[in-house]
Amino acid sequence: MKYFGLIWKNAWRKKIRTSLTILSVLVAFLLFALLNAIGYAFRAGEDVSSAERLVVIHKISLINPLPISYEARIASTPGVAEVTHASWFGGYYQEKRNQFAQFPVDIKEYFALYPELIIAPEQLEAAAQNRIGTIVGHELAEQFGWKLGDRIPIQATIWTKADGGRTWEFELEGIMRSNDPRGSTAFMLFNHDYFDEARAFGKGTAGWYVLRIAPGADPVEVANAIDAQFANSPNETETSTEAAFAASFAKQFGNIAMIVQLILGAVFFTLLLVAGNTMSQSVRERIPELAVLKTLGFRDSTVLGIVLSESILIIALGGLLGLGIGWVLVQGMAQQLSASLPGVYLSPQALLLAVGIMIGAGIFAGFFPALKAMRLSIVDALARG
Amino acid sequence: MAEILAKLEGVSRVYQKGKERVDVLHELDLEIEKGDFLALMGPSGSGKTTLLNLLGGLDKPTAGTVSVGGATLSSMSNSQLSNWRATHVGFIFQFYNLLPVLTARKNVELPLLLTNMSAKERSKRASLALEIVGLADRANHRPRELSGGQEQRVAIARAIVSDPQLLLCDEPTGDLDRSTADEILGLLRSLNADHGKTIIMVTHDAQAANYARRTLHMDKGKLETRATA
Chain A
1 MKYFGLIWKN AWRKKIRTSL TILSVLVAFL LFALLNAIGY AFRAGEDVSS AERLVVIHKI
61 SLINPLPISY EARIASTPGV AEVTHASWFG GYYQEKRNQF AQFPVDIKEY FALYPELIIA
121 PEQLEAAAQN RIGTIVGHEL AEQFGWKLGD RIPIQATIWT KADGGRTWEF ELEGIMRSND
181 PRGSTAFMLF NHDYFDEARA FGKGTAGWYV LRIAPGADPV EVANAIDAQF ANSPNETETS
241 TEAAFAASFA KQFGNIAMIV QLILGAVFFT LLLVAGNTMS QSVRERIPEL AVLKTLGFRD
301 STVLGIVLSE SILIIALGGL LGLGIGWVLV QGMAQQLSAS LPGVYLSPQA LLLAVGIMIG
361 AGIFAGFFPA LKAMRLSIVD ALARG
Chain B
1 MAEILAKLEG VSRVYQKGKE RVDVLHELDL EIEKGDFLAL MGPSGSGKTT LLNLLGGLDK
61 PTAGTVSVGG ATLSSMSNSQ LSNWRATHVG FIFQFYNLLP VLTARKNVEL PLLLTNMSAK
121 ERSKRASLAL EIVGLADRAN HRPRELSGGQ EQRVAIARAI VSDPQLLLCD EPTGDLDRST
181 ADEILGLLRS LNADHGKTII MVTHDAQAAN YARRTLHMDK GKLETRATA
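Protein chains in written order, with the working numbering: chain A, 1 to 385; chain B, 1 to 229.
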């Protein structure tokens, strides 16, 4: 700590150069924060998935529906404790920008399979009893100002009604939340029976099945047994863990993780060049001063530490500012996108990773200049100065 | 008989510049008493600065031994030499070599960062050193806000702040006008006479050498036999 004053003063020797370097670091970590938060939203399904749940989809693609009759056959498969189904509705509320997920389900079965979803029992019962009853996450209720009893018209983008209409009307009977702080409930559930009766096509099908395996059952064996049942049928299945399902669902939008990594990789590579150049110049222009420090008795290792600390300080200043601004923006984004892209979140792990990157980048950018400073011959440097 | 502070025995220093061998010092013997004020004179390239570097533990001899205050510098490791320099010797350079980003006080405090002193104690010691060199009122100024003479005074304060026995000055007045040079030399003489510092000063200036107790002349890496008392 006693060298901090010296390190700080040296870091600000050329104010414009240091400010520009800090700005470039700031931008890099701001991007890191934003991209990580968005990436988190795409991974959120994987993170909150349960190891006890398996998902059965059509072998060709998630878009292809499965017969509703499969439910009973899946339920009778050894090792399956409970099963339910869900489908993708794909609608919006009032305007196209108000898009969020809607799933026609068997409401009671669904909540039995997802105990992390919390709802008042009377609201659950009311939604199940009301043909057009619906349950929404508290995020949606807060965003659109919905209260229990409200009528909510949803415009369908896929499922036209048998009467040709595209407006599906629901009555809000329940508001749910998740007991997992990472879990989002920014979606809408409504009765499959109403959906199946009213839709113009696809009757008697469901999008996918979700099942809980019985205690002690081997998930791989259960998955294989289910898929074997439907092998060589017109609707073959592919059963996977919930995490794998969530991952493949997210990949429909592209390999977000890889895109994020590629962008960040390019940004941080540039950052290293900029910071490394700053440190290199900074050391080069004060070689006589470093020689004076050594003359006064500063050890080689101390000089190395001072230059490295300076590099880490510059990157940490920019990095922390970037993360701070990023954190504020992510809060705003999370609110704005709570319905269309729930789960935008800057996790503590991402913050820790960012701090690790700051230290690593600081060491990397300052390493060669610091080594040069450490190896400096006092006599040569003083003669040069 | 006065106590010997520094002793050089058979010291040679050879530099290799590419394929060329440059004999800077050649089998040099020298004894410097405690409390001495010695001026080293000689033409450029005669080996004065190299001798000073050896006495300050900045360089090692190719042959021979250099001992100062009982410590054999020529056999010390680099880190041992660093520790030794921090407490036993102060350096004063022609171009002051102050850190431009620090105030006068912070420049003077630099050698004390290597001790276990508290920040308060460091600041107190730096103020005292600045007071000795007559610059207490400029403590919070940066080098660019000081005149050349004032900068050199700060450099002297930095050299004495850790209270070393030996001060090594390499052309300390080479960049100053006559009257400022006289002030600086007067200060060095006072540090020698009043504070008991042993001073070895390299200079080209005969008038500067007059401030010393004795003058040694060097040429081609050897001490000449003529010495001025």
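One should not assume that every hint holds.
[As the list claims (entries may be wrong)] Derived coverage of chain B by chain A (criterion: at least 3 residues anywhere in the stretch with Cβ under 8 Å from a Cβ of chain A; other residues may be distant):
| no. | region |
| --- | --- |
| 1 | 55-61 |
| 2 | 78-86 |
| 3 | 103-111 |
In case anyone wonders, no lab produced these hints; they're calculated from the structure. All C-beta atoms in this analysis are idealised placements derived from N, C-alpha and C, irrespective of residue type, glycine included.
Going down the list of hints, with the structure as the test:
1. 55-61: Since three or more residues must qualify, the claim that chain A covers the region 55-61 of chain B holds, with 3 doing so at under 8 Å.
2. 78-86: Since 7 is at least three, the answer is holds.
3. 103-111: holds (count 3)
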